[in-house]
Amino acid sequence: MTGEERRKEIVKAIRESAVPVSGGRLAEQYEVSRQVIVQDIALLRAAGYDILSTNRGYYIKQVGKSTHIYKVSHTDGEMEDELNTIVDLGGKVVDVFINHKAYGKIRAELNIASRRQVQEFIETIHSGKSSPLKNITSNYHYHTVEADSEKTLELIEKALEEKCYLI
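Take 883 as the starting number for the sequence shown in the working numbering and just add one per residue.
These aren't lab readings, by the way, just hints derived from the structure by calculation. Any given hint might turn out to be false.
Capping the alpha-carbon separation at 27 Å, the derived lysine-lysine pairs in DSS-like fashion look like this [to be verified]:
{"#": "1", "residue 1": "Lys1040", "residue 2": "Lys947"}
{"#": "2", "residue 1": "Lys947", "residue 2": "Lys1033"}
{"#": "3", "residue 1": "Lys890", "residue 2": "Lys953"}
{"#": "4", "residue 1": "Lys894", "residue 2": "Lys947"}
{"#": "5", "residue 1": "Lys1011", "residue 2": "Lys983"}
{"#": "6", "residue 1": "Lys953", "residue 2": "Lys1011"}
{"#": "7", "residue 1": "Lys943", "residue 2": "Lys894"}
{"#": "8", "residue 1": "Lys943", "residue 2": "Lys890"}
{"#": "9", "residue 1": "Lys987", "residue 2": "Lys1011"}
Pairwise CB distance ranges, derived in the manner of DEER restraints [what the hints assert, rightly or not]:
{"#": "10", "residue 1": "Ile1018", "residue 2": "Gln921", "range": "31 to 39 Å"}
{"#": "11", "residue 1": "Ser1009", "residue 2": "Glu960", "range": "28 to 36 Å"}
{"#": "12", "residue 1": "Lys983", "residue 2": "Met883", "range": "50 to 58 Å"}
{"#": "13", "residue 1": "Ile1018", "residue 2": "Met883", "range": "41 to 49 Å"}
{"#": "14", "residue 1": "Asn981", "residue 2": "Ile1004", "range": "42 to 50 Å"}
Predicted model, so just to flag it, every value in this text is computed and none were measured. Heads up, the beta-carbon is just placed ideally off N, CA and C, and yes, glycines get one too.
Let the hints inform the model, and build the full structure from the sequences given.
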């Protein structure tokens, strides 16, 4: 398989995956080193593919998706319900960010699109090794949410408002 053929296959694999695809998995699948995958991703980005990197792997930002930024506030105990509300209605929580008066905007990629991913995130937070970014700003924070349509985003907004999470 040539490098060009491999890169076409990488794009296909990432597009068809419902979750981010790790560089290690791609390296194993195409029998190359992880460094070769990193170079392939760089070449694909240079060719115009909007490939994003997360701690869980690579994904391609889907064209035709609608996005909205919601300003929200809730307690630590309500975090799981807030995230489940979004994903249950068809949203993907792309990130979380805060506007800190001293440090400016602090942002973390989340890419949470299912209850299983919500549960994994909550378990990581509860492990005690990390705390929610919202705690730095008295629970106020923002989420970029992606969905298949504006109608879906309106449903999400209404549900967040009904639960008094929306600011």
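Cross-check of the supplied hints:
1. Lys1040 - Lys947: 19 Å, holds
2. Lys947 - Lys1033: 11 Å, holds
3. Lys890 - Lys953: 38 Å, violated
4. Lys894 - Lys947: 18 Å, holds
5. Lys1011 - Lys983: Distance of about 25 Å is within 27 Å: holds.
6. Lys953 - Lys1011: Since the Cα atoms of Lys953 and Lys1011 sit roughly 25 Å apart, the hinted pair holds (cutoff 27 Å).
7. Lys943 - Lys894: The hint holds at about 13 Å.
8. Lys943 - Lys890: 16 Å, holds
9. Lys987 - Lys1011: Measuring from Cα to Cα gives roughly 22 Å; hence the hint holds.
10. Ile1018 - Gln921: 31 to 39 Å: 37 Å, holds
11. Ser1009 - Glu960: 28 to 36 Å: 19 Å, violated
12. Lys983 - Met883: 50 to 58 Å: 52 Å, holds
13. Ile1018 - Met883: 41 to 49 Å: Hint holds: Cβ distance 47 Å, inside 41 to 49 Å.
14. Asn981 - Ile1004: 42 to 50 Å: Since the Cβ atoms of Asn981 and Ile1004 sit about 24 Å apart, the hinted range of 42 to 50 Å is violated.
The earlier numbered hints that this structure contradicts are 3, 11, 14.
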